[in-house]
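There are 2 protein chains.
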Amino acid sequence: MRIVLAGFGVVGRSLLEIVSEQSEELVRRYGMSLRFVAIVDKGGAAVSENGLNPLKALESKRLKGTVAGYPGCGKPGIDTLSILDDVEADVFIDALPTNLRDGEPSYTYLKKAITMRLHTITVNKGPLALALPALKELAEYRGVVLRFSGSVGGGMPVIEFARQCAMGDRVVRVEGILNGTTNYILTRMEEGLGFQEALREAQEKGYAERDPSLDIKGYDTAAKLVILANEVLGIRATLEDVEIRGIEGLDGREIEDAKRRGETIRLIGKVDGGLRVEPTRIKVDDPLAVRYAMNAVAFQTENSGRHIITGRGAGGRETATAILRDLIQVKKFMAGGGVT
Amino acid sequence: MRIVLAGFGVVGRSLLEIVSEQSEELVRRYGMSLRFVAIVDKGGAAVSENGLNPLKALESKRLKGTVAGYPGCGKPGIDTLSILDDVEADVFIDALPTNLRDGEPSYTYLKKAITMRLHTITVNKGPLALALPALKELAEYRGVVLRFSGSVGGGMPVIEFARQCAMGDRVVRVEGILNGTTNYILTRMEEGLGFQEALREAQEKGYAERDPSLDIKGYDTAAKLVILANEVLGIRATLEDVEIRGIEGLDGREIEDAKRRGETIRLIGKVDGGLRVEPTRIKVDDPLAVRYAMNAVAFQTENSGRHIITGRGAGGRETATAILRDLIQVKKFMAGGGVT
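Residue numbers (my numbering), protein chains in the order written: chain A, 39 to 378; chain B, 39 to 378.
In short, the hints are calculated from the structure, not lab data. All clues given are correct.
No copy is singled out in the list; a pair is fine if it fits within one copy or between any two copies.
Calculated pairs, SDA-like style, for lysine to any residue (alpha carbon to alpha carbon, straight line, at most 20 angstroms):
id : residue 1 : residue 2
1  : Lys102    : Pro114
2  : Lys370    : Arg208
3  : Lys370    : Arg201
4  : Lys297    : Asp323
Using the sequences and the hints given, assemble the complete structure.
Here you go:
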C-alpha cells in the first residue's frame with residue numbers, strides 16, 4: 039500500500055515509529071505492507087517510489103528539523119499539492135495541524151487526494167467540521183474510502199464504537215466530554231483553583247495549547263460534535279450549526295454551588311435534534327462525570343440502552359493507532375471485502 | 039434467513055417483538071429477512087417452513103404458557119434436538135437459561151447445530167464458560183459463524199468494542215465489573231445497608247435471581263471473564279482456570295475503611311496473565327467505579343491507551359438487540375462479505 043503522508047508532527051512521527059516497530063506484524067495480521075512513498079512537512083518532502091525508511095525519515099526530522107533532509111530522497115521546498123501531482127500512491131494521510139477557521143491547507147489537500155481517487159485518512163478536525171458532508175459525498179462519488187477515526191477521542195475507537203451501538207439498533211442521542219483540556223481545568227477548579235491558575239497548570243502539563251482559546255471557548259468540542267453528528271446520527275451538520283458556549287465565563291461560585299448539590303459542571307457537547315456545546319451540570323455519579331484530562335461519550339440507543347465510552351482521548355501514539363485502524367479498513371476495501 | 043430459536047423467555051420474546059416491529063427496516067438496512075421456522079420452549083415447539091408469525095407466537099406463549107399452543111403449527115412435547123433433526127434452517131439461536139454446572143442442555147444443542155453446519159448464536163454463558171475453545175474449533179472446522187455478543191454485558195457491544203481496541207493494536211489487560219447484582223449490593227452497602235438487606239433490595243428490584251449464589255459467589259463474573267479472555271486475549275481458558283472469590287464474606291467494616299481512604303470495593307474480574315475474580319479496592323474516581331447495577335469493562339492496550347465501556351449490562355430487550363447484531367454478522371457472512 040503506497041502512502042503519502044502530509045504533516046510530520048507528533049502524530050505523523052508516532053505513526054512511523056509504530057509502523058517501523060510492527061511492520062512484520064502488520065503483514066502477518068492484516069496482510070498489510072505499508073510503503074511511505076512520500077512524507078511532507080513545512081520544510082519540504084522526502085520521496086521514494088520504493089518506500090522511505092521510517093527510521094531515516096525520523097532521523098532527518100530530528101537532526102535537520104525537516105524530512106526534506108532525508109539523504110538522497112529529500113526535496114526541500116516542495117509542497118503537498120506537487121507531491122500529489124507527481125507521486126503514484128494509493129492512500130493519502132493528513133496529519134496536519136487543525137485549523138478551524140477555513141480548514142486550510144488540509145481541505146484543499148483532501149479534496150485533491152479524493153478527486154485523484156486516493157483513499158484518504160485524516161485526523162484533522164478542521165476540514166471535517168467545516169465540510170464533512172461535502173467530503174463524504176466526494177469520496178462516495180469517487181469510490182474511495184474516507185476515514186477519520188483519530189479526529190475524535192485520539193486513540194479511543196469512538197466512531198467505531200458508535201457504529202456498533204447503531205448495529206440493528208438506532209442511536210438517538212449523543213452527549214460527551216470531548217475535550218481533555220477543559221475537563222482538566224474544570225476538575226482543578228472543583229478542587230479549589232481559580233480559572234487562570236488551572237489553565238496555567240493545564241498548559242504546564244502539556245494539555246492546553248499555547249493559544250488555548252479553541253479549547254476554552256468550546257470550538258474543539260464543537261468540531262468533534264459535528265463529526266459525531268454526521269457519522270453517528272446522519273445529520274448533515276457543520277460547525278456553524280452548533281450553539282457554542284465555552285467555560286471562560288464560569289466562576290468558582292457556580293462550581294461550588296453545583297458541588298453542594300452533588301453535581302459537577304462539565305463542558306458537554308450534545309446532539310439531540312440540535313447541536314449544542316455548553317457547561318452543563320451533571321450528577322457526580324453519572325458515568326459521564328470523568329475527571330482531569332479524560333474524555334467520555336454516551337450513546338443513547340433505542341433498544342440496547344445507554345453505552346458510554348471513556349478514555350484518554352489524546353496523545354500522539356494513541357492518535358497514530360487510530361490511523362492504523364483506518365489503514366486496516368482501507369486494506370480491507372482494497373481487498374474487496376468492504377469496510378465496516 | 040431461516041431461524042430455529044431455542045428458549046422463549048424474556049430474551050427470546052424480546053427478540054420476536056423487536057423483529058416484528060422492525061422487519062421492514064431490517065430488510066432495508068441490512069437486506070435481512072428473518073424467518074423463524076421453529077421456536078422451542080419447555081412445553082414444545084411451533085414449526086412452520088414459511089416462517090411463524092412473531093405476534094402469534096408471542097400470543098400463544100402469553101395465553102397458553104408455551105409456544106406449542108400456536109394455532110395450526112404447535113407441536114407439544116417436542117424438543118430442540120428433534121427440531122434440529124427435522125427442520126431445515128440456516129441459523130440456530132440459543133436463548134436458554136444459563137447453567138454453569140455442565141452447560142446443558144445448551145451445550146448439546148450448540149454442538150449439534152454447529153455440526154449440522156448451522157450458523158450459531160448464543161447468549162448463554164454456561165456452555166461458553168465451560169467449553170468455548172472447543173466450540174470455536176468446531177465452528178471453524180464446520181465453516182460456520184459462532185457469535186455470542188449478548189453473553190457479556192447484555193446490550194453493550196463489549197466484545198465488538200474489544201475487537202476495535204485490538205485493531206492495529208493489542209489488548210494486554212482486561213478488567214471489569216461484569217455483574218450488576220453484586221455491584222448494586224456493594225453500592226448499597228457503601229450507603230450503609232447490611233449485606234442481607236442490600237441483597238433483598240436487589241431481589242426486589244429484579245436484579246438478583248431467586249437463587250443469587252451465582253452472582254454473589256462470583257461465578258457469573260467468572261463466566262463472562264472466560265469469554266473475554268478467549269475472545270479478546272486469545273487465551274484458551276475455561277471456568278476452572280479462574281480463581282474466584284465472591285462478595286459473601288465482605289463485611290461493612292472493610293467497606294467503611296475503603297471509603298475513608300477515597301476508595302471503593304468492587305467485584306472485579308481481571309485477565310492479566312491469569313484469570314481472577316475478587317473484591318478489589320479501586321479509587322472512587324476510577325472510571326471503573328460505576329454505581330448500582332451498572333457494568334464497566336476496561337481494555338488496556340499497548341499503544342492507544344485504556345478504553346472503558348460502561349452501561350447497563352442486562353435486560354431482555356437489550357440482550358435481544360445483541361442477538362440482532364450477531365444476526366447481521368451472519369447475514370454478512372452468508373453474503374460472502376466475511377465477518378468483523
